[in-house]
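Enquirer: Chains as they are written, first to last, in the working numbering: chain E, 1 to 327; chain C, 1 to 327; chain H, 1 to 366; chain D, 1 to 366.
Where hints are given, some of them may not hold.
What the hints assert, rightly or not - Dumping the calculated SDA-like pairs for lysine to any residue here, alpha-carbon to alpha-carbon at most 25 angstroms: (1) H/Lys249 with E/Gly74; (2) C/Lys323 with H/Tyr273; (3) C/Lys323 with H/Leu347; (4) E/Lys255 with E/Val309; (5) E/Lys255 with E/Lys323; (6) D/Lys249 with C/Glu50; (7) C/Lys199 with C/Leu246; (8) D/Lys272 with E/Gly124; (9) C/Lys323 with H/Leu333; (10) C/Lys323 with C/Val202; (11) C/Lys46 with H/Tyr273; (12) C/Lys254 with E/Ala289.
Simulated from the structure, these hints should not be mistaken for lab results.
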Amino acid sequence: MTELSIVQALNRGLRCAMESDPKVLLMGEDIGKLGGVFRVTEGLQKDFGEDRVIDAPLAESGIVGTAIGLALYGYRPVIEIQFDGFVYPAFDQIIVQLARMRYRSAGVLQLPITIRMPFGGGIGSVEHHGESPEAYFASTPGLRVVTCANPVDAYWMIQQAIASDDPVIFLEPKRRYWQKGEVDLSETLTSVPSMYQAKVLVEGSDCTIICYGPTVATSLHAAALAAQDGVSLEVIDLRTLSPLDLVTMEKSVKKTGRAVVVHEASSSGGIGGEVGQCLTESCFYYLQAPVLRVTGYDTPYPPSRIEDVYLPDVDRILDAVEKSMSY
Amino acid sequence: MTELSIVQALNRGLRCAMESDPKVLLMGEDIGKLGGVFRVTEGLQKDFGEDRVIDAPLAESGIVGTAIGLALYGYRPVIEIQFDGFVYPAFDQIIVQLARMRYRSAGVLQLPITIRMPFGGGIGSVEHHGESPEAYFASTPGLRVVTCANPVDAYWMIQQAIASDDPVIFLEPKRRYWQKGEVDLSETLTSVPSMYQAKVLVEGSDCTIICYGPTVATSLHAAALAAQDGVSLEVIDLRTLSPLDLVTMEKSVKKTGRAVVVHEASSSGGIGGEVGQCLTESCFYYLQAPVLRVTGYDTPYPPSRIEDVYLPDVDRILDAVEKSMSY
Amino acid sequence: MESLEATVQLLSSMGELVDDPQFHSTLDGAALLALYRDMVLVRQLDQQATALQRQGELGLWAPLLGQEAAQIGSARAMQAQDYVFSTYREHGVAWCRGVDPVDMLRFWRGTAHQAWDANLHRFYGYQVIIGAHVLHATGYAMGMSKDGRTGTGDLEKDQAVVAYFGDGAMSEGDVNEAFVFATSFQSPVVFFCQNNQWAISEPTRRQSVVPLAQRAQGFGMPGIRVDGNDVIACHAVTMAALDRARAGKGPTLIEAFTYRMGAHTTSDDPTKYRDSADDELWRSRDPIDRLRIYLRAQEILNEKVESELASEAAYLAERMRVSCRELADPNPLTMFDHVYSGPDARLERQRLEVEAILADQETKVN
Amino acid sequence: MESLEATVQLLSSMGELVDDPQFHSTLDGAALLALYRDMVLVRQLDQQATALQRQGELGLWAPLLGQEAAQIGSARAMQAQDYVFSTYREHGVAWCRGVDPVDMLRFWRGTAHQAWDANLHRFYGYQVIIGAHVLHATGYAMGMSKDGRTGTGDLEKDQAVVAYFGDGAMSEGDVNEAFVFATSFQSPVVFFCQNNQWAISEPTRRQSVVPLAQRAQGFGMPGIRVDGNDVIACHAVTMAALDRARAGKGPTLIEAFTYRMGAHTTSDDPTKYRDSADDELWRSRDPIDRLRIYLRAQEILNEKVESELASEAAYLAERMRVSCRELADPNPLTMFDHVYSGPDARLERQRLEVEAILADQETKVN
Ligand SMILES: Cc1ncc(C[n+]2csc(CCOP(=O)(O)OP(=O)(O)O)c2C)c(N)n1
Ligand SMILES: Cc1ncc(C[n+]2csc(CCOP(=O)(O)OP(=O)(O)O)c2C)c(N)n1
Ligand SMILES: [Mg+2]
Ligand SMILES: [Mg+2]
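Extracted from the complex, chain E is given alone in its bound form (with noise of 0.2 angstroms):
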């Protein structure tokens, strides 16, 4: 076991795959010297060379556009978007490009890309730099999206998305970049369960709690806080926004009977929304009220001053449990 933040399991995990495959190489803004502005690159520049950790021109569509050219050659880029919020020039490359290259060459050519992205809010940064995108990219058909919540699911989740033959959106949670864990390194990359299936971190049986990224902290704090009142919540850090795994959370839906999203992105149109809807398909009978959700506000990001209150928390999260339960 190895103590190591997000920060550091990603860059572990980055590392191990380069060193697996000589293909994979590293592209994005300020990753090279600098090792990217939360440090996830550092020191690989130095080990791999400028040929494979390539600090590209200031240009997202471009960076998403050459890698995409990368990948038509043979190479498996994993490019980083330094924010969340400087993803959007980028979006045709990845909405029209990068998702359906597979598709519309029937199979013919593959785009094994993985897009990091530090996400969400809470860091008391200016405008752009708390932005929680998600739903954009998961969608759309053709991408992948998976998020890491802890040091283990980063080191492993990064290696198998970059293992992956799909290109991934790979979200990190910045605000917890720097929280720690144990990591066992000695496991393999196929002995770890697949990036696309959720994870059961409580058990429970009252209502079941639906997080992920950032969120889940928050969630986790909120189940111990309510085994002390009594209520017993069982907590599934989704971990793969595209494809949701509908399987483990109807399990558990089907055992609590209520269940309740949580995530900083905004309600409308957010991935709460198609959980909330894909459950209720799927378990209308076993359903004692509707699934609800925690978010972010309808707004854009506020001023970092008043983001906590648009964040969503311990509280916001009781409170719809126990509205829940009233039903």
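Fit chains C, H and D with the ligands to the known structure of chain E by using the hints.
Expert: Relative to chain E, chains C, H and D with the ligands alone:
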């Protein structure tokens, strides 16, 4: 009453808006002499001049970005995006700049910009000409998203969109462009219903069909067939996707106890999921069955020779109604 | 338009050879005849496809009429190891890369998005999104450099990429970003811009107030303006740019100045926005005519060869006509293939749903 | 880097006036002293904000250290009727547009996204998304032309726009598209690129292999490279470009070659990626020092004026310190304001929810 196609109604509506407000100007690719690839702007450059009907360079981000500047200067730009599939290069300008300018400036700046876009499939064309990108926009705070399904709405809603001080994404159902209808041109912009209201097109008691844009005609057809079989469907044309007119939908669902949402866009992350989840939250005890979805499948848009299988049709709607009724 | 640099021309519109201080052709009579053959067949291909669209067999077609020299000249300058990224109009380039014209039709008929193996032909396929593929081309070229597949000094083996796009595309952010990446990484890519003077209904001056080749200087690469209706010049400048790329000296932008003699696509009506006088002027500059005049004068081409070529063209047209009508619609269930590399539960459910629907329809029909 | 055109300089780094064949300064002693004052105060503003960030009062700050001449020189060339679009680093420009430094702090403290009336100051505000605002600037300038507010011949009234951005931004599609639109419509916009040689950790050569000013030629507009640490030259070239724009002759690109003497932002650590030797070299080219040397030599500046200025600066710093700490957090309910022009049912529900939560917290606290 004047008989107009949707194309003609839009053209007339644009003309009215330009006549009544000299600040209204049109920008887009090929909208001048050509009158747009669907001829929606036919004749307008001739009558209003090149200064108000602007053939822009071939750069969608540039079109939206400069329109933002023009709006800041006091203009009211109406943009034509040639096809749904070509809007993505402008995504950053739409999502990050257009949608948020009012918010970030605390109301000092406003961007009364309308982005017109043909959307949906079914015209037998090549790749990227049959997309339904509405959920990306509808889930973005700060944007309004509306769609017309007939000449009357085309004529009035385009004028309402232009008159709105919010940025509006205006979706035009391309395969219905040539559908005709009688328009009463003597009404006034304020006497017709707000574009933010859904319309109950057919009243019914057994199940509510919620649709918009190109699927409205299909749903009306389904309702007519169902009626022959003694099944009474209520058909709601959403018209507005942001905001969703939940009041109208709830009223209907509380009456029928069942709902089927129909759209061409993929199911995952689509409007249907959001509508379903919202209705389940607010009408939990009224619903006899889960809200069901009849949508495009979760694939990229397929080659046109099989698009008819991809697109929701009458049979699929009636199957869903049957399924709903069997709960 | 102020002309920064002269337009390279090696064969005048009168069919006479002309000298250029910098570029020279290495093509012998047989090679020129081969180019002529390509141009004639590709024009036939184009006309046949246009006809098939008129007959309702294709959903759409984007004619290359008038751009044969630009496409054939540049494409025949490539070698097998090169790789090509193109738009929806490069049927002539596709032809040179060995793509079966019938496979080209599949896209326009709507039976497939991409109907050939891009890696086999080293031809990526039709890209509809203006400019997007120019970045792919640049990335692909970056890969060649990384793998040491270029710049070794062996021009027979060294690889390069050619990216085709139009005058309209010059305005897209993606194309300009491609220029940034290609120059920053000195990638072996030739940017081949066919300035056919129109982006649908918009004249080139809407996109640029100076010749497009001049854009190159702003990014620090050579820009060459070539007579796009002169197949010999197009061949020569592309050879030079490819050699430069292969030698590891980085990208070049070529502007082939030509004219879209037909409509933008079969859905377009150019009489709405342009002068028929222009059409006439450019008919007198027809890229095929001028080579024919030269070849006839040189007696490389004669009646006999022309009539053999005419039958070959007729045969091609016939084959396209017949095969196009035979192109079957895909099985709708293939809609669910290749969205992902592996199975997907939701897609599996949807596939079953469609299977049931189709079976049901089958039953109803019978 | 091959230098296409000479760098315009009017005041050497030794503080001596130099001649330029094309550009001349019209500034008298008083005007120069005013520029000096601006630069000194803006540097103070910058240092104070950096200190406040260190003390935890701001979430972030992007220092302008070293770029005072580029910002003050260009901004003082503008007139009241002009309009400015800027990035997150143009505190000096904001200062010249009359923005209260305390309002600047609100953004970095996280109490507001945009804390001043853009139309009042004719200064649009901080834009974080690299390059996005350059299109807005171009559109705004298009509006000026449309309304006949430019090109009338009255240079006192004719309007123009200045768009600020960095060397890194030159790679973004949006900036290049802005060049396309501005030249296509001959809009009255001056593109002012501060090439501070770094985009965070990336040197300018990653973005371009030729001087950035050269990009202009590719789009058909003049490009001027100016010594960005020479406030007199920055003023002169911006004046010339603005006059040109006002006269209806279209856009100009100015590359002000300068150096980011500090960190990218307070979160950045430049020792990770750049040589301290460079820092020293550029300290010797400090934009304030060189003007001071000149003004002292001309006896426009003396001890007395310097010390008055020092107290003014100290007062500014003190005011920022005090006022920053007093900047209250916004009422969380304002989060729901101005998403749309009118009420929205869903937001109203959410606002009520937050109201209840806040009331509840209030109760718990009491
Ligand atoms: C991103 C994008 N925007 C708009 C279109 C619609 N469109 C198709 S072709 C075309 C004109 C392209 O002109 P040009 O680049 O000169 O190429 P040409 O068609 O003349 O060969 C346009 C606007 C598109 N396909 N993609
Ligand atoms: C679209 C976008 N991509 C990335 C970033 C992250 N970022 C912030 S500043 C910066 C460097 C900008 O460099 P330059 O344009 O030279 O301006 P400077 O900071 O040097 O003033 C980067 C990459 C961003 N803000 N926006
Ligand atoms: Mg063209
Ligand atoms: Mg910089």
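Enquirer: Now tell me, hint by hint, if it's right for this structure.
Expert: Right, here's what the structure says about each hint:
1. A distance of roughly 23 angstroms separates the Cα atoms of H/Lys249 and E/Gly74; the hinted pair therefore holds under the 25 angstroms criterion.
2. Straight-line distance between C-alpha atoms of C/Lys323 and H/Tyr273 comes to about 53 angstroms, which puts the hinted pair past the 25 angstroms bound.
3. Straight-line distance between C-alpha atoms of C/Lys323 and H/Leu347 comes to about 20 angstroms, which keeps the hinted pair within the 25 angstroms bound.
4. Restraint check for E/Lys255 and E/Val309: the C-alpha separation of about 32 angstroms exceeds 25 angstroms, so the hint is violated.
5. The hinted pair formed by E/Lys255 and E/Lys323 meets the criterion: a straight-line CA distance of about 18 angstroms does not exceed 25 angstroms.
6. Of the supplied pair hints, the one linking D/Lys249 and C/Glu50 holds, its CA atoms being roughly 19 angstroms apart against a limit of 25 angstroms.
7. Between the alpha carbons of C/Lys199 and C/Leu246 the distance comes to roughly 12 angstroms, so the proposed pair stays at or under 25 angstroms and holds.
8. Taking the CA atoms of D/Lys272 and E/Gly124, the gap is near 24 angstroms; set against the 25 angstroms cutoff, the hint holds.
9. Between C/Lys323 and H/Leu333 the CA atoms are separated by roughly 23 angstroms; this keeps the pair inside 25 angstroms, and the hint holds.
10. Restraint check: the Cα-Cα separation between C/Lys323 and C/Val202 comes to about 21 angstroms, which is no more than 25 angstroms; the hinted pair holds.
11. Our distance criterion of 25 angstroms between C-alpha atoms is met by C/Lys46 and H/Tyr273, whose separation comes to about 12 angstroms.
12. Restraint check: the Cα-Cα separation between C/Lys254 and E/Ala289 comes to about 17 angstroms, which is no more than 25 angstroms; the hinted pair holds.
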